[in-house]
Every structure is written in C-alpha cells, then in structure tokens.
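All chains should be modelled from the sequences, with the hints used to inform the complete structure.
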Amino acid sequence: MDRSIFKPMVYFFLIILLVVSFIFILDGKDRYFQNKFIIKINDQELKARLDVKYKKLFINSYNHYDCNKSSCSFEDSFARINREDKIILNVNEYEVYNRFNKRVSYNNIDGNYDYKEIIDENKTMMVQRMGKTVYDGKFIHDISDIVKEDGRYYFHIYTKSKRNFTPFSKVETSIHFSVYVGDKV
Amino acid sequence: MKKLIGEIIIFILLPILLYICIKNVESMSEYKINYDINNDTIINIYKDNPSLFNFENNKAIIDIETLYTYDSPYLFTLEHDSFGNECIGYYIIEKNNDDLLIDSSHICDMIDY
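Protein sequences appear in the order of chains R and A. For the first sequence, the working numbering gives the first residue as 191, with consecutive numbering after it. For the second sequence, the working numbering gives the first residue as 504, with consecutive numbering after it.
Derived by calculation from the structure, the hints in this document are not laboratory data. You may find that some hints are simply not true.
[As the list claims (entries may be wrong)] Computed list of lysine to aspartate or glutamate pairs in EDC-like fashion (alpha-carbon distance at most 16 Å, straight line):
(1) A:LYS562 / A:GLU597
(2) R:LYS226 / R:ASP256
(3) R:LYS322 / A:ASP615
(4) R:LYS226 / R:ASP300
(5) R:LYS313 / R:ASP326
(6) A:LYS598 / A:ASP543
(7) R:LYS350 / R:ASP300
(8) R:LYS328 / R:ASP310
(9) R:LYS313 / R:GLU362
(10) R:LYS322 / A:ASP612
(11) R:LYS259 / R:ASP326
(12) R:LYS322 / A:ASP584
(13) A:LYS535 / A:ASP584
(14) R:LYS197 / A:GLU510
(15) R:LYS338 / A:ASP615
Structure, rendered in structure tokens:
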C-alpha cells in the first residue's frame, strides 16, 4: 500500500474530528426542549398530535406527543366546531421557562411556568378532506375559504426553528389535528 | 507513533460515522400502519357489550369514535397514517358463527363524522 496517501488522510480525518467535536460541544449545551403549542379555531382549543424532528449536525432524532394540552380526553380526537361566517385558526408556540428562568420542556402540566411566545412567520400548512388535499401552502389564519363545506378536515401545520446560532441544528415540528366543521350529520 | 494515532482515529471515526448514517436511514424508513392493533380490544368490547354493534346480515360497520369513547377497561389505541392523521375511520365486522372477522382496512379513511 502507498503510505504517502496515508498521512494526508489522517490529517483530513483529524480535522473533521476536531470540527465535529467543536460543533457537538456547542450544540451539546442545548438540550431538546419541547415547546408548548396552543391550537385554536374560533376560540375553541383543539387537541393535536406533534411529530418533532431534532436535527443536530448529522444526527436526526425524533419524538412524538399524542397530546399538546394539559389534559386530553377521548372526545378531543373527534373535535367539532359550529359553522360561522368567519373561521379563524390560531397556532401559538411558546418556549417554557421554570421559576428559576431556566428553559424546560413542556410536560403537559400548566403550573408555575413562564411562556415566551415564538413568532414564526414561515409556517406552512396542508389541509386534507376525504383523502384529498384541499390546501397546501403558507399558513393562513382565516380558513373560511378552505372549509367551505361541512365535513371533517385534517390539518397539518409545519414549523421550523433554529436551536442555536450554528447552521446545523434545527427543530422541525409537524402539528396534526382534525376537526369537523358544521352540524353533525 | 503518529501512524498509530492516525490509524486509531480512522478506526474509531469511521464506525461512528457509519453508525450515524445507519441510524438516520433507519429513522427515515417508511412508517407502516399496524391495522390489527385493536382487534383483541374489539373482540373484548363485543363480548362486553354486543348491542354496540348493529349487525345486518351478519355484518356491522362501526366507527372508531364509538369504540374509542366506549367506557371499557380495554385499551383502544389510535393509529396514525404517514401524514400524521389520527386514524378515526371505521371497522367492518363480520360474524362467522361465534367468531368475529375484523376488516380494519378502513380505519384511516377520512370520513365525514
């Protein structure tokens, strides 16, 4: 084997190892904190499933939460709202801080915590009904034009946020919920 | 000595990178719905309260809301599809003598209820 190529390879891998270690140390300070999400349609709070993808350098890790509220009942999965002239969807995301002002994960307990709202203007949304996609695009609050007919609509809202200043760390959250709009058939 | 250090680094770093790649590929693998997850629960609910199932010609269609919100000690789990939608469709139950044949292929159908 030609040993002359071995030396540059060692230096190359050594540099990669150093860079990776440095980024890991920087990113390692940030734990995976779960934010709180409040989803409302016309002031009615809805239950949602959350799928969260944490990206740290090359590593993706996944988590999911079946309930975004402090308590979820069986009936929450079959939410219904009455038809009104305007149907407004609000999705609010909050970072959670304990009484020592340390950031913590939302653990479905609304206790003695402070919430700092995150304004994300880049949310996207997909709406499905009867197996078809009826909307796919930028997140909009006024969904009156999307939910024109009575029926069950399946909403998917996608958010992306950076965890720190390094370009390698991101948190992607997909929010899923369904709601029946109109009088029950 | 330098060569030895280099070789050690390569032998440590390469397996780590390989492990990371495999881990990511595993995570990206396609999600599969477990359609039969509630079959035992449905049989138990049927034994508990047969009147919940309206059989016509030995066939009954029952929506998941009825089963999921039924007050019973049996665990009913909501599956979700690859989009993340909770599967709140319906089951087709067929009575065959004393056995129940459960068609769960419609649990993720988007029905208007």
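Now for the hints, and whether the structure bears them out:
1. For the hint pairing LYS562 of chain A with GLU597 of chain A, the CA-to-CA distance comes to about 5 Å; that is within 16 Å, so the pair holds.
2. Among the hinted pairs, LYS226 of chain R with ASP256 of chain R is consistent with the structure: their alpha-carbon atoms are about 13 Å apart, no more than 16 Å.
3. Of the supplied pair hints, the one linking LYS322 of chain R and ASP615 of chain A holds, its CA atoms being roughly 13 Å apart against a limit of 16 Å.
4. For a cut-off of 16 Å, the pair hint linking LYS226 of chain R to ASP300 of chain R stands: about 10 Å separates their Cα positions.
5. For the suggested pair LYS313 of chain R and ASP326 of chain R, the alpha carbons sit about 11 Å apart, so the restraint of at most 16 Å is met.
6. As the CA atoms of LYS598 of chain A and ASP543 of chain A are separated by approximately 15 Å, the hinted pair is consistent with the 16 Å bound.
7. At most 16 Å may separate the alpha-carbon atoms for a hinted pair to count; LYS350 of chain R and ASP300 of chain R exceed this at roughly 24 Å.
8. A C-alpha spacing of about 12 Å is found between LYS328 of chain R and ASP310 of chain R, which places the hinted pair at or below 16 Å, so the restraint holds.
9. Taken as a hint, the LYS313 of chain R and GLU362 of chain R pair is honoured in the structure, with Cα atoms around 10 Å apart against an allowance of 16 Å.
10. With a C-alpha separation of about 11 Å, the suggested pairing of LYS322 of chain R with ASP612 of chain A holds against the 16 Å cut-off.
11. A threshold of 16 Å between alpha carbons decides the hint, and for LYS259 of chain R with ASP326 of chain R the separation of about 26 Å lies outside it, so the pair is violated.
12. Distance restraint check for LYS322 of chain R and ASP584 of chain A: the Cα-Cα separation of roughly 14 Å lies within the 16 Å cut-off, and the hinted pair is therefore satisfied.
13. Between LYS535 of chain A and ASP584 of chain A the CA atoms are separated by roughly 8 Å; this keeps the pair inside 16 Å, and the hint holds.
14. About 10 Å separates the Cα atoms of LYS197 of chain R and GLU510 of chain A, which keeps this hinted pair within 16 Å; it holds.
15. Between LYS338 of chain R and ASP615 of chain A the alpha-carbon distance is near 14 Å, which keeps this suggested pair within the 16 Å criterion.
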